[in-house]
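Enquirer: Chains as they are written, first to last, in the working numbering: chain D, 990 to 1106; chain F, 11 to 122.
Check before you lean on any hint, since a few could be wrong.
Quick list of in silico lysine-lysine cross-link-like pairs, DSS-like style, CA-CA up to 25 Å [stated by the list, open to error]: (1) F:34 x F:68; (2) D:1054 x D:1031; (3) D:1032 x F:34; (4) F:84 x F:68; (5) F:60 x D:1032; (6) F:118 x F:89; (7) D:1032 x D:1054; (8) F:60 x F:84; (9) F:122 x D:1031; (10) F:89 x D:1032; (11) D:1047 x D:1065; (12) F:44 x D:1047; (13) D:1031 x F:118; (14) F:122 x F:89; (15) F:84 x F:34; (16) F:84 x F:118; (17) D:1032 x F:118; (18) F:118 x F:60; (19) D:1047 x F:60; (20) D:1047 x D:1008; (21) F:34 x F:44; (22) F:34 x D:1031; (23) D:1008 x D:1031; (24) F:60 x F:89; (25) D:1031 x F:60; (26) D:1032 x F:122; (27) F:68 x F:89.
Calculated directly from the structure, the hints in this document are not laboratory data.
The lines below spell out each chain.
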Amino acid sequence: EVQLVESGEGLVQPGSSMKLSCVASGFTFSNYGMNWIRQAPKKGLEWIALIYYDSSSKYYADSVKGRFTISRDNSKNTLYLEMNSLRSEDTAMYYCAKWDSGALDYWGQGVMVTVSS
Amino acid sequence: DVVMTQTPPSLSVAIGQSVSISCKSSQSLVASDKNTYLNWLLQSPGRSPKRLIYQVSKLDSGVPDRFSGSGSEKDFTLKISRVEAEDLGVYYCLQGTHLPLTFGSGTKLEIK
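Isolated chain F (complex conformation) (with noise of 0.2 Å):
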């Protein structure tokens, strides 16, 4: 199985300031197509995960700019910029080239 390891485990930030969460992965996540199918999602307490990332760096439809993913291979970042309140929430790295599917440990994110 492929091995997803996100740190750091947990974040407190002011508002306004910017941070990376990264995942490396014990395989190349490189699929037969040449895509790489790297997602980041957020759980916001309370609620269920939702993707806010896919193939690495492709935005899902209402997220803010202020996310951004970068990475290949088995090394992939998540920046948050300007962090917002509404920010907060448990942020996970999903691989969906192997199966079966893995998913990081998961970075917790506070808010100051």
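Bound conformation, chain D alone (with noise of 0.2 Å):
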């Protein structure tokens, strides 16, 4: 059974960092891409990175590039998203989602990201 485990929930000031964690099992990881996705209270879903099965390329939404990195630990089965320079904006339930083939499969339960002073 596939299961992504996100954490790293908190809360935060604005200006500052965050690492988000998705521990993943139940299928290779190492063979997929995977993808972060946000959704901020009582709205939609903003897809927000994604990174190959061998980190050979990453992509970011405009809303988060040059604040925001994903990377990946294949020999820990984890996924990461490093948050520096945080907003209000950026306040969301963060989900981490396995990539197939053109189509994020599997997410995770979700972590809450609050910034607020």
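If you follow the hints, you should be able to join the two separate chains into one complex; please do so.
Expert: Given below as structure tokens:
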């Protein structure tokens, strides 16, 4: 059974940094691209980053480019999202999701990030 | 960026009725490999999204055949026949052909 478990939830002040993790199991992690998607409270879904299976390519939404960094450690079956210069508009539930053939086929349960003074 | 226009924003239906949700893209979703990467997701209340349909019309394992997807190029439809109580939630279309990936704005399905 595919499982994606995010961690790193918390409340931070504007301008600060935070790192999220997503531990994968139930599939060969090193064979698949992975994504981060977020959902602001009562809002829709926003894709924010994709990393290829071997970290050879990384893509970001304009809203986070230059502030967020996606990475992975295939030896630990873990995906990361390092978030810097956080803003109030980054407040959202953050999901990791597995990428397969043009689709986000499995999602984690999500972690809440709140940016507030 | 590809804009995904999803309608209607909400639906209220009785158990057993059928509903359709439309998703129109601002660009063709036919990829260079000739596949069309249009997906439908359901976010049940308090849950993370779950994929129902991929590549326009292929049902994920365990998804009832009351769900069907159709369409091509820029115009897609999700149909739910014989709605059941468990179908309530917010449905999203997602295009995976172009980066950035983009979602429709969602359709909230309520049960009368």
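Enquirer: Quickly compare the C-alpha distance for residue 1008 (chain D) and residue 1031 (chain D) to 25 Å and report which way the hint goes.
Expert: Holds, at roughly 23 Å.
Enquirer: Next pair to validate is residue 60 (chain F) with residue 89 (chain F); report whether the Cα-Cα distance is within 25 Å.
Expert: It holds: about 16 Å lies between the C-alpha atoms, which stays within 25 Å.
Enquirer: Is it true that the CA of residue 1032 (chain D) sits at most 25 Å from the CA of residue 122 (chain F)?
Expert: 23 Å, holds
Enquirer: Given the hinted pair residue 1047 (chain D) and residue 1065 (chain D), is their alpha-carbon gap at most 25 Å?
Expert: 19 Å, holds
Enquirer: Is the hinted pair residue 60 (chain F) and residue 1032 (chain D) satisfied, with a Cα-Cα distance of at most 25 Å?
Expert: Cα-Cα ~17 Å, so holds.
Enquirer: Please verify whether residue 34 (chain F) and residue 44 (chain F) have alpha carbons no more than 25 Å apart.
Expert: Given that 25 Å is the threshold and the Cα spacing comes to 18 Å, the pair holds.
Enquirer: When you check the alpha-carbon spacing of residue 118 (chain F) and residue 89 (chain F), does it fall within 25 Å?
Expert: 14 Å, holds
Enquirer: For residue 60 (chain F) and residue 84 (chain F), compute the direct alpha-carbon distance and say whether it is at most 25 Å.
Expert: 23 Å, holds
Enquirer: Does residue 34 (chain F) lie within 25 Å of residue 1032 (chain D) when you go C-alpha to C-alpha?
Expert: Roughly 20 Å between the alpha carbons, so the hint for residue 1032 (chain D) and residue 34 (chain F) holds.
Enquirer: Regarding the pair residue 89 (chain F) and residue 1032 (chain D), is the alpha-carbon distance no greater than 25 Å?
Expert: 23 Å, holds
Enquirer: For a C-alpha distance cap of 25 Å, please report whether residue 84 (chain F) and residue 68 (chain F) respect it.
Expert: 17 Å, holds
Enquirer: Are the Cα atoms of residue 1031 (chain D) and residue 118 (chain F) separated by 25 Å or less?
Expert: Holds. Residue 1031 (chain D) to residue 118 (chain F) sits at ~12 Å (cutoff 25 Å).
When each numbered hint is compared with the structure, no violation occurs for any of them.
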